[in-house]
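Asks: Each protein sequence line maps, in turn, to chains D and C.
Residues 1 to 344, numbered by my numbering, are exactly what the first sequence covers, in order.
Residues 1 to 539, numbered by my numbering, are exactly what the second sequence covers, in order.
It should be emphasised that the hints constitute simulated quantities derived from the structure, not laboratory data.
Remember, predicted model here, so these are calculated numbers, not experimental data.
Positions of the beta carbon are idealized from the N, C-alpha and C atoms, including for glycine.
Each hint should be verified, as a subset may be incorrect.
What the hints assert, rightly or not - For the chain C half of the interface with chain D, some residues (derived, Cβ under 7 Å), not all of them: (1) Leu201; (2) Gly205; (3) Leu233; (4) Ile236; (5) Val240; (6) Val244; (7) Leu248; (8) Thr403; (9) Ser500; (10) Gly503.
Stated by the list, open to error - Part of the chain C face toward chain D, derived, beta carbon under 7 Å: (11) Val18; (12) Leu19; (13) Leu21; (14) Val22; (15) Gly25; (16) Val220; (17) Ser226; (18) Asp454; (19) Ile455; (20) Pro486; (21) Glu529.
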Amino acid sequence: MRRLFTLTAVALSVAMTASCSLFGSDAGDGKVVLVTHDSFEYDQAVFDKFKADTGITVEVRKSGDAGALTNQLVLTKASPLGDVAFGVDNTFASRALDEGVFVEYRSPEADKGPQRYAIDDTARLTAIDFGDVCVNVDPAALAAANVPVPASLEDLADPKYKDLLVVEDPATSSPGLAFLLATVSQYGQKDFQNYWARLKANGVKVVSGWEEAYTQEFSGSSGKGKRPLVVSYASSPSAELDDKGKPRTAALLDTCFKQVEYAGVLNGAKNTEGARKVLDLLLSVDFQSKVPEKMYVYPTREGVELPAAWAATPPAANASTLPAPDITANRERWIEQWRAAVRG
Amino acid sequence: MARGRSRLRLPDGTGPAVLGLVPLGFLAVFFLWPVAAIIQRGLGSDGLVRVLGSPDTWSVVLFTVGQAAASTVVAVIAAMPVAFLLARCALPGIAVVRAAILVPFVLPTVVVGLAFRSLMPDGGVLSIVLANAFFNVAVVARTVAGLWSHLDRRAENAARALGASPLRAFTSVTLPALRPAIGSAAAIVFLFCATSFGVVLLLGGARYRTLETEIYLRTVDLLDLSGAAALSLIQITAVVAVLVLAALARRRRETAMALRARTETTRRPRGGEWWVAATAYAVVAALMVPIVALVVRSVSTSDGWGLDGYRALSGTGFRGSLQISGLDAAVNSLRAATDATLLALLLGVSASVVLVSLGRSRAHPGFVDTLDTALMLPLGVSAVTVGFGYLITLDALPGDLRTSAALVPLAQAIVVTPLVIRMILPVLRSVDPRLRQAAGSLGASPWRVWREVDIPLAGRSLIAAAAFGFVVALGEFGATSFLARPDSATLPIVIGRLISRPGELNNQMAYAACTMLMVVTVAVVLLVERLRVRSVGEF
């Protein structure tokens, strides 16, 4: 009898959970679907207030990393996955633009700072945030080894820093690719391979992803690895705080590459009007002020106050950049050249 | 005898044929169509020739097959003592061992990869093989134990009484009887290892590349659809070849056997059997090494030990890194996995019934094998191929499922169904036809025969398949990360999110969430396996 009861109870609860998750409620007319990558995080309160003001419910749909997102948008351009997309970055942007994924929309908010990062003058993509990929350093570990903190990419090839640097593979990691682009930008297409050959001779360690490089190999993170130099983000030190709330690590601001993330209204959106309003929302002070804490990136809007812990970790003033079309055209070839130099 | 057969034949052929339309239709819509569409889109240009002609491609193929074969061998060898322990030994704590070996399956590959990386810093190929085997020991152990626990001990005992050594009795009596289950499990493990993605990417970097990682990088980073399509075709051809070989090896071996209740077949180990049991415990202990390493990380803080990560589970991470709390994610996980398991059981059982009925109804064996092979295909096709295929096909269906949360259990069921089939089919095929004929001649309708004879005999395997399917769905990462909404994120997604953020608390919370996932897994498996269906002993 008891067994029968258990069985019935299990069957009932199973049926209920199944029906709950299979048949979720659907929003009404005032709905905008925001397609984004899986690192997108936001403050629900901001979206709730937006709904109270405009009557628009924003439905967030994540689809893989920035590369996966861009390619999905390209594949589905005839029948888009939503109304507005966020998260195409400057390493993938020109592919999306060439394929006509986005339509023009010049938000009135775009003149308040975001325009500085515009990719071209067609206003199909608007810059929402940027994050600099830089070499991070654990000063305490370097001091213990009696080595000064390096400053530039050139320093990293100095025998003083032999076996101290860990980087991500550009073929499998987005910060790894950004760092490769930083070296292409600083040394030029002719010499960057030579630079990497020198890094190799200097004992650079290559791992496949940021998680392994930062949380396992880097001495300044919780993993307490062996290497005091790692490719990460300018904002990472803001999360590595000591007892007094001061960052224990630092970013080398002359080794950075600027990664900008864009949003745009999708070509063929069902709710173009709503999509434009959501783009305005992404540029609003409310949303932009939450961007650092939620996504570890800097807002593109000017005059937005950064959280206290970020005061010590400013963005790099002169981070390297490359024109978006060059990146799209050469990405595969540069990775091959990198592979030849480092794996050789 | 002949009369009994002819009476059963007509219903066996027609009823199940209708039933068979359900899994086949599902497979056609949610697998074949999307995969065909994405490959077709890539085939237009010269990609196929370019990729096939490149020596690089063939070294990737060679490495894929080589590492998968090595991983399969390691997994089978390690799993056999464990299967013996689960199937033949009456020792305290067996239920916990049975549940615990499933834990690797739910752990996100990034976490396991990191654990192997810290245990074997310069592991290379060896670490890839061991990590793949780590994930798959449970597949072999549980599939084989499922059949082994129903095997009649008397044949073995007879061999021993006639003077065979224990080893001889095992190799000449038990092993041949187990071969269908071993073959099934090995085929599945081979497919899992050949398409293993996260582990290879993390432990192999760009140095060791497999078809799966190449297809992913070409599709997701380079949008080189023609290159990806060419590689997908190679992958599918290889998978079909493996499946056909497995089907040929299986054919005629899945014969009738006198299946017994598990209670009749277990006892305390005797003499040399203790060595086998000890080996099994050693394998289980080895499986626990990376797991213990994760638990240790969850309580390590910058100044000693602490439970901060566990306390953080009720919140949303360091400065709100997440949209939902760790506990919400656990609830989401349970829900999605339940949906997927129910769906997969429905599809898997109906497909198995069809395959068995067709086999008995003297349908052409080639046809049955082809069907069987087709149903296994989802295990061997890259998830990203299927995922991108969905994007360009499913908008044609009413309700645009492409970004619907309902697609998560559907996609998971595609992966779980073949596993259910492989676990149930060997047992159903082993049911003695005389039992069914007896039931038939006593006046039972064909459906009643299934209900009263086959299903109870396969009962344990059914429960085991449900538990296993649940665990696979619980740990599913690829499809879920593509489809889950922020508020419906599952635990593996949350762990992946946390571990990709800087900050000590995020890291501790990620490992604490892993521990929670393991605890939930073991609890659910223990609970499911307590639900005993009426067993053979009650006949």
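Asks: Sort out which numbered hints this structure fails and list those numbers smallest first.
Replies: As far as the earlier hints go, 3, 4, 5, 6, 7, 11, 12, 13, 14, 15, 17, 18, 19 and 21 are violated by this structure, in ascending order.
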